[in-house]
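Order-wise, the sequence lines are chains A and B.
Heads up, the first sequence stops at 226 in full-length UniProt numbering, and the numbers go up one at a time, no gaps.
Heads up, the second sequence stops at 107 in full-length UniProt numbering, and the numbers go up one at a time, no gaps.
Because the hints were derived from the structure by calculation, they are not lab data.
There may be inaccurate statements among the hints.
[Claimed, not checked] Only some residues are given here: those of chain A computed to face chain B with a beta carbon under 8 Å:
1. Val55
2. Ser56
3. His57
4. Pro58
5. Leu63
6. Gly65
7. Gln68
8. Thr69
9. Lys72
10. Tyr73
11. His77
12. Phe167
No residue lacks a Cβ here, since even glycine has one placed at the ideal position from N, Cα and C.
Each chain, written out:
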Amino acid sequence: MKVLAIIPAYNEEESISPTVEELLAARTGCDYLVVNDGSSDATERICRERGYRFVSHPTNLGLTGGFQTGVKYALAHGYDAVAQFDADGQHVPGFLPRLIEEMEATGADIVIGSRFVTEKKPHSARMIGSRLISAIIRLTTGQRINDPTSGLRLYDRPMMEEFARRFDFGPEPDSLAYLMRRGARVSEVQVSMRERQAGESYLSAAKSISYMARICTSVLLAQWFR
Amino acid sequence: MSVALRASLLVCSVLVLFFVMRRIRKAGLEISDSIFWLALSLVLIVIAVFPQIAYWASDLLGFDAPVNFVFFCGIIVLLVRTFSQDQKICQLKKKLIALVQDEALRD
């Protein structure tokens, strides 16, 4: 299976190089593409100097647009699947082959690198949001997703086409719920993740409440009218 | 409706009319958008000059005071306008995303 790891990067000058180097060193068998999402720092220069495979947005579009650019690239270059991979060092590339094995073995459309398959979800404040999203996904799809907010996911070709075609359809839990209701099969594989190493997250603490509101509204209401 | 309200309606509409004209001359507004503002200021002028229209309509629709009817209509018009602007912004966003991605993926 030909897999492209899409690495959306917005102002990740400190972590982009370690992330890509680690991915290369892990010999996962995946290709990668950095999508520089209109960074104002040295992200683009670093990618060019080190000869990384990257594309650059002339302006910032956000995670949804950045991931979609990667998906369009993957479709144009004949990839069978894409992986969502964070530029900030949270994701361990060594787990990518396990996700791919799972997709090949089970024929799942989406494989999530999940922190809570065999591990228990901690009762911390940060996980309240995760539990809430799990609960409403269960309510609307009847299926259990242990780690809906994990940003490490693998999508097969039919899913890629959905992401390329749609507007306002990001690689987020609400899209998962929508695709599941339309019959996508989702599988989870236990992985571990690190804390962010550097840079600016798409989900800073201040944004997390509006993130929750958006995801919940989207899962519960807006998806039915899509 | 008091004379003061009628006077301020009149003054506001004339001001709007003046600003819209100026914007169009300086090409700061599309003609299709300016139609809305021109029509709005004309309606306000008509109501300020002939308040009987507002009396008649508020009677018909059961408003306590004609001035409430005028304000109510203003709010509705603004809500519709905001909604249509949201739609327009959404269209612009779609175009922007398509442009940015095309530019990024051009080999």
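How the hints compare with the structure:
The beta carbon of Val55/A is positioned within 8 Å of a beta carbon in chain B (closest approach about 4 Å), and the interface hint is therefore held. Below 8 Å, beta-carbon pairs count as interface contacts, and Ser56/A has one with chain B at about 6 Å; its hint therefore holds. For His57/A, the interface hint holds, since its Cβ comes within 8 Å of a Cβ in chain B; the closest pair sits about 5 Å apart. Below 8 Å, beta-carbon pairs count as interface contacts, and Pro58/A has one with chain B at about 5 Å; its hint therefore holds.
For Leu63/A, the interface hint is violated, the least distance from its beta-carbon to any beta-carbon of chain B being 12 Å, above 8 Å. For Gly65/A, the interface hint holds, since its Cβ comes within 8 Å of a Cβ in chain B; the closest pair sits about 5 Å apart. Satisfaction of the interface hint for Gln68/A is found here, the shortest Cβ-Cβ separation to chain B being roughly 7 Å, below the 8 Å cut-off. Taken as an interface hint, Thr69/A checks out: its beta carbon lies about 5 Å from the nearest beta carbon of chain B, inside 8 Å.
Taking 8 Å as the C-beta cut-off, the interface hint given for Lys72/A holds, the closest approach to chain B being about 6 Å. At a threshold of 8 Å, the smallest CB-CB gap from Tyr73/A to chain B is about 6 Å, leaving the interface hint in force. This hint is violated: His77/A has a C-beta 10 Å from the nearest C-beta of chain B, more than the 8 Å allowed. A cut of 8 Å between beta carbons decides the hint on Phe167/A: the least distance to chain B is about 6 Å, and the hint holds.
Taken one by one, the earlier hints fail for this structure at numbers 5, 11, listed in ascending order.
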